[in-house]
Amino acid sequence: DAKTTQPNSMESNEEEPVHLPCNHSTISGTDYIHWYRQLPSQGPEYVIHGLTSNVNNRMASLAIAEDRKSSTLILHRATLRDAAVYYCILRRFGSQFYFGTGTSLTVIP
Amino acid sequence: NAGVTQTPKFQVLKTGQSMTLQCAQDMNHEYMSWYRQDPGMGLRLIHYSVGAGITDQGEVPNGYNVSRSTTEDFPLRLLSAAPSQTSVYFCASSSWGNQPQHFGDGTRLSIL
Numbered sequence: 023d024a025k026t027t028q029p030n031s032m033e034s035n036e037e038e039p040v041h042l043p044c045n046h047s048t049i050s051g052t053d054y055i056h057w058y059r060q061l062p063s064q065g066p067e068y069v070i071h072g073l074t075s076n077v078n079n080r081m082a083s084l085a086i087a088e089d090r091k092s093s094t095l096i097l098h099r100a101t102l103r104d105a106a107v108y109y110c111i112l113r114r115f116g117s118q119f120y121f122g123t124g125t126s127l128t129v130i131p
Numbered sequence: 368n369a370g371v372t373q374t375p376k377f378q379v380l381k382t383g384q385s386m387t388l389q390c391a392q393d394m395n396h397e398y399m400s401w402y403r404q405d406p407g408m409g410l411r412l413i414h415y416s417v418g419a420g421i422t423d424q425g426e427v428p429n430g431y432n433v434s435r436s437t438t439e440d441f442p443l444r445l446l447s448a449a450p451s452q453t454s455v456y457f458c459a460s461s462s463w464g465n466q467p468q469h470f471g472d473g474t475r476l477s478i479l
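Chains as they are written, first to last, in the working numbering: chain A, 23 to 131; chain B, 368 to 479.
No wet-lab data here; the hints were simulated from the structure.
These numbers were taken from a predicted model, which means no experiment stands behind them.
Do not take every clue at face value.
Every beta carbon over 12 Å from chain B, so not counted as near; a handful from chain A, in silico [unchecked claim]:
id: 1; residue: E33
id: 2; residue: A85
id: 3; residue: I86
id: 4; residue: K91
id: 5; residue: T94
id: 6; residue: H98
id: 7; residue: T101
id: 8; residue: A105
id: 9; residue: V129
Stretch-level coverage of chain B by chain A, calculated; a stretch enters the list once three of its residues show a Cβ under 8 Å from a Cβ in chain A [to be verified]:
id: 10; segment: 402-409
id: 11; segment: 460-469
A virtual CB, placed ideally from N, CA and C, is assigned to each residue, including glycine.
Could you put the whole structure together from the sequences, leaning on the hints where they help?
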């Protein structure tokens, strides 16, 4: 299964945009890119997913590189509530999800 | 909407005891899975199922059994609890294909 690489931790100031990177150089053509986040003491929560094109929803935007070897989760205006561990996951169609260790985001007031 | 329901929320066991963690979903999802999360770590896949009667192993299946007799339920059985199985256990479900997973609130399990 293709793996992802994320920084262990990042910091952002409150109300500023946050760009969370993810490298997935061994991605295959049928792998979808999923992002989840986990708030302290809670289960993971779906954020966004996509295949090739950039995606937007009410929580975030997903920017996918043209060669699909990397992607960036964009939080447009960080709030204290966005402090969490963010996981970038590749999922082949119909296959299982494998979580890595994620990026721990700290939001500074 | 109930979503994914896990019971119990907390459990303390003694080494060697067995128990079953329950997971139920009311969304008619085909795909269900169990993860464990050790302190400060990411989630690791234990077992998963792509439909009733079909299960398969994930990354860390040793010491755990699963079955899927109905679409709704996917119980996880610890055969003989060991302190190394102290962890938080999450159940998740999703529709077939590439739909997002929905997670339960977790079961916090301590084994003494």
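Hint check, failures only: Per hint list: zero violations.
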